[in-house]
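S.K.: Please model the entire structure based on the sequences and the hints provided.
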Amino acid sequence: MTKRPQSLAEVAQRGNDLHSFGWEFQDWLHTMRTIRSRAVLARALNPEPVLLKKRFPEGRVADAWLAAYAEHAATLVGLTVPTWARRSNRSLSAPWFSVEALAERRLALRDSPPAFKKRNLFTPKVDLPLRLRAGRPPKSAEEKHRTNAERQRRFRARRAFEWELHRHAATIAMAEKS
Amino acid sequence: MKLKASRPPLLGYPGDEPDIRFLLHRIKPDSLETVDEIFERFFPGEILHEYARNLVVRLLSEISKEPFTR
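As you go down the protein sequences, you meet chains A and B in turn. Following our numbering, the numbering of the first sequence begins with 1 at its first residue and continues without gaps. Following our numbering, the numbering of the second sequence begins with 179 at its first residue and continues without gaps.
There's no promise every hint is true.
[Said to hold, decoys possible] Quick partial rundown of chain A residues pointing at chain B, CB under 10 Å, derived from the structure:
#, residue
1, His19
2, Phe21
3, Gly22
4, Glu100
5, Ala108
6, Asp111
7, Pro113
8, Pro114
9, Lys117
10, Thr123
11, Lys125
12, Asp127
These are computed hints drawn from the structure, not numbers from a lab. All C-beta atoms in this analysis are idealised placements derived from N, C-alpha and C, irrespective of residue type, glycine included.
M.R.: If you want it as C-alpha cells, here you go:
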C-alpha cells in the first residue's frame, strides 16, 4: 500500500493529472489529522512543491491551491509562511470558484480565507483538520526505552558514589574509635 | 456525518455532494426543515453549516426533477 503524502511537495509530485492530484490532496488532509506539533506541520509545508501548470490543464489552479493552503495553515498556527507560497506564479489572474451554483459562489466570495482570496481562489469551506496539542511532541517506545536506560545509569552511578562516601565515613569512624 | 463535513468539491475531488445527493434521494425529505430535524437528532445542539444548507436546498430542488438512478 502506498504511504499517504507527508507534505504538499509530495502531493504535487504524485499529482500526474487532475484526478490524482485531487485524491492525493485529500490523502494529505488525512495526514494533517495526525499532526500534533508545529515542527511536524512545518516539515509538511516547507518543501517547495513542483509546479503543475505544465502537467495538466488545471495545473495553475493546483499550484495556487497548494500555496493558499500552505499560507492558511501556517498563519493559523503562527508559523512563517513558506517562501515558495509567496511567489507570483502561485496566484491566478482570473477568479476560480470551487462551486458552480450562484448561492454557493456568494458564500465562497464571503467566506474564503484571505490566503485563498488573494490568489483569486474562492471556496465556501476550507477543510483543514488540524489538531495541534500543547506540550512536548510524542516519543516513540524506542526513544522512551533509551531515556529510561540513561536515567537508570545516572541513578546507579549516584548510588555507587553515595555508598563509597558511606564506606569512607565508616572507615574513618572505625579508625577514630580504635 | 456527510452533512456535518459537507466538503465542497475541489480540483479532481467531488467533495461530499454526490454522497449527500444519494442520501437525499434515499431518504426523500420534503424540505430543509426535515433535514434539519434529522441532523439535530444525530448532532444535538449543532446547526448545519450555511454551505450545507444551500447545498441541501439546491439538491432537493434538483432531485425533485430527476429520476432515481443509483
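S.K.: Please go over all the hints and tell whether each is borne out by the structure.
M.R.: Now for the hints, and whether the structure bears them out:
no., hint, verdict
1, His19, "holds, 5 Å"
2, Phe21, "holds, 5 Å"
3, Gly22, "holds, 2 Å"
4, Glu100, "holds, 9 Å"
5, Ala108, "holds, 8 Å"
6, Asp111, "holds, 8 Å"
7, Pro113, "violated, 13 Å"
8, Pro114, "violated, 18 Å"
9, Lys117, "violated, 15 Å"
10, Thr123, "holds, 6 Å"
11, Lys125, "holds, 5 Å"
12, Asp127, "holds, 5 Å"
Checked against the numbered hints given earlier, this structure breaks hints 7, 8, 9; the rest are met.
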